[in-house]
Amino acid sequence: MELSESSRQEIDRLIATCRTRREAIVQVLEIVQRGQGYVGDEAVSYVANRLGVGRADVEDVLSFYPVYHRRPVGRFVVKVCRSLPCAHMGAARVVDHLSERLGVAVGQTGGDGRFTLLEVECLGACDRAPAMMINDDVFGPLTPERIDAILASLKDG
Amino acid sequence: MTVELTLLPAGTSADHPETLDAYQARGGYAAWRIALGRGDPQRVIDEVQRSGLRGRGGAGFPTARKWSFMPKDGHGPAFVCCNADESEPGTFKDRRLLEATPHQVLEGLLLACYAVRATCGYVFLRWEYPRAARAMQAAIDEATQIGLIGSDVLGTGYSVEVRLRKGAGTYISGEETGLLETTEGKRGWPRQKPPFPAARGLFGMPTTVNNVETLACVPVIVSEGGEAFAAIGLPGNTGPKLYCLSGCVRRPGLYEAPMTVTLRELILDDRFGGGVADGRPPKAVIPGGSSAPVLRAEEIDVPADFDHLQAAGSMLGSAGVMVLDDRTCMVRVAANACGFFDHESCGQCTPCREGVHWVRQILDRIESGRGRPGDADVAIDRLDAIAGQTICPFGEAVAWGVGSIIRKFREEFDEHIRLRGCPFPAWGFRSNGS
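Sequences listed follow chains A and B, in order.
Using this note's numbering, you'd call the opening residue of the first sequence number 289 and step up by one each time.
Using this note's numbering, you'd call the opening residue of the second sequence number 3 and step up by one each time.
Hints may contain errors.
As the list claims (entries may be wrong) - The following label-pair restraints were derived from C-beta to C-beta distances:
(1) I303/A - T8/B: 37 to 47 Å
(2) A387/B - E290/A: 25 to 35 Å
(3) P196/B - P354/A: 25 to 35 Å
(4) P196/B - N337/A: 35 to 45 Å
(5) A27/B - S294/A: 52 to 62 Å
(6) P197/B - D400/A: 50 to 60 Å
(7) G395/A - D42/B: 27 to 37 Å
Said to hold, decoys possible - Derived, one-sided and incomplete: chain B residues facing chain A with beta-carbon distance under 8 Å:
(8) S89
(9) W129
(10) K168
(11) Q194
(12) F198
(13) R202
(14) G249
(15) M324
(16) Q363
(17) F431
These aren't lab readings, by the way, just hints derived from the structure by calculation.
Where a beta carbon is used, it is the ideal one built from N, C-alpha and C, also for glycine.
With the hints as constraints, model all of the structure from the sequences given.
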């Protein structure tokens with residue numbers, strides 16, 4: 289598993305602020321996923337060894353929290369909010385439109401590895417409903433035209 | 003310098019986090035210096051007591067009283083957790099505070115730490131707010147650099163650390179003890195209470211958990227005095243309040259008002275929502291996030307404060323005010339809200355895990371035209387079997403929130419079953435019509 293030097297250093301700094309070995313699991317997994325895009329089996333072993341906890345402790349966390357990806361995802365992870373204010377303002381249409389434009393079904397990653405399309409609960413962007421997140425950025429209120437413009441503006445790399 | 007009694011100071015925006023210099027230029031960290039200079043943590047609690055501040059996270063518990071539960075003679079570690087796990091549908095106030103004025107939240111956290119003699123403050127921030135995480139980490143670093151955080155702060159002998167921790171996408175981690183479990187690196191399963199966190203909290207040590215907006219109120223209370231804060235609003239419902247306006251309203255957004263403002267004013271007044279979108283009449287309002295019982299349109303002439311909304315059978319909750327117009331299908335609203343809770347139930351307690359899923363299936367069935375006579379009664383019966391039977395208040399949130407929609411709009415549920423379908427328009431793209 290190729291964890292970058294900066295990720296390793298970030299993990300070291302984090303561990304230094306933790307009171308227990310376990311405490312770091314949730315945070316270290318976030319660093320791993322931010323660096324690698326997902327948390328694979330090798331990463332689970334790495335985290336368990338680095339923290340001195342069991343693999344089962346890491347799996348326990350991974351299986352509870354919905355944000356971790358256990359398989360590779362697209363370079364752009366598109367999360368469409370489906371909670372009430374967004375649903376009311378057309379979230380289902382947002383999903384349909386994205387699915388058609390990207391050629392990707394909800395929960396799937398496209399064959400070219402560019403996009404993963406997900407539905408999620410409240411993003412805390414209800415004033416911009418319907419809203420979505422692409423990687424770290426929030427977009428809304430969305431219309432079909434706005435979605436197309438956003439997709440066209442995404443730059444790989 | 004007179005500090006403006008507001009949570010949304012002019013010139014601050016989510017696009018540009020307020021820097022340390024800008025914050026100090028408007029009186030920032032004056033309260034922190036005042037409190038440390040007085041050298042008496044109890045005076046911070048007394049000032050907050052005079053302010054009447056009640057928790058802005060949902061329960062409205064008096065903040066000073068919560069702090070007073072912390073041991074006064076402790077010598078070991080003690081903690082304050084800033085609950086920045088805002089995840090209640092309809093709520094986005096804490097995001098704005100964290101992104102725009104992170105130092106104000108941080109100063110509030112430091113004051114809270116000092117008040118309860120904590121050794122470390124934790125900011126527990128939801129995964130979905132990476133921008134807020136960057137802003138808050140930068141604020142912590144800036145404040146640490148100039149000695150406002152660390153050992154022997156400003157030569158007073160008081161030492162305090164602040165650490166940022168991120169959640170991993172679960173609503174339940176915003177529950178007080180779920181937050182503690184996630185911070186400890188475990189599944190976010192809420193704990194049985196007692197013991198309460200003030201006795202045994204994070205890592206088994208005395209801990210206080212306060213909401214972001216609650217903490218953001220504290221600096222101005224300390225610097226301007228509790229009375230100035232208490233002069234806004236009515237007794238028991240004091241201070242400036244943030245309202246998150248969403249749904250079928252012309253100008254959705256975050257608005258600040260004294261809690262004397264009514265729901266109708268928030269929705270219709272030009273200073274706030276500016277009216278229902280497309281000029282439609284309102285049908286219902288959910289005043290405090292998905293956990294808050296719904297109010298019918300004829301019930302919205304009520305001050306949006308803790309006590310009046312409770313008397314009206316609902317709650318201020320997270321102040322996520324969701325406006326639903328006359329074309330809104332309330333069965334769909336209930337099914338969507340229940341779908342959220344079904345997704346977010348942590349699975350620890352059987353009545354919640356099984357009951358919420360069961361009710362969701364019933365509601366989906368009714369909405370899609372496959373409802374059976376008696377379904378609405380079964381849904382209410384199952385919801386009632388959840389309330390009071392779970393470790394954490396999630397059970398009541400579903401039972402009261404979703405249950406209120408079925409009870410108050412029962413005729414729509416019965417009509418769906420009779421018609422074998424939904425008579426309302428689908429939810430498509432729509433603008434707010436502003």
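Status of the hints after comparison with the structure:
no.: 1; hint: I303/A - T8/B: 37 to 47 Å; result: holds, 40 Å
no.: 2; hint: A387/B - E290/A: 25 to 35 Å; result: violated, 51 Å
no.: 3; hint: P196/B - P354/A: 25 to 35 Å; result: holds, 30 Å
no.: 4; hint: P196/B - N337/A: 35 to 45 Å; result: holds, 38 Å
no.: 5; hint: A27/B - S294/A: 52 to 62 Å; result: violated, 34 Å
no.: 6; hint: P197/B - D400/A: 50 to 60 Å; result: holds, 53 Å
no.: 7; hint: G395/A - D42/B: 27 to 37 Å; result: violated, 56 Å
no.: 8; hint: S89; result: holds, 6 Å
no.: 9; hint: W129; result: holds, 5 Å
no.: 10; hint: K168; result: holds, 5 Å
no.: 11; hint: Q194; result: violated, 19 Å
no.: 12; hint: F198; result: violated, 20 Å
no.: 13; hint: R202; result: violated, 15 Å
no.: 14; hint: G249; result: holds, 5 Å
no.: 15; hint: M324; result: holds, 6 Å
no.: 16; hint: Q363; result: violated, 17 Å
no.: 17; hint: F431; result: holds, 4 Å
The structure is inconsistent with the numbered hints 2, 5, 7, 11, 12, 13 and 16, although it conforms to all the rest.
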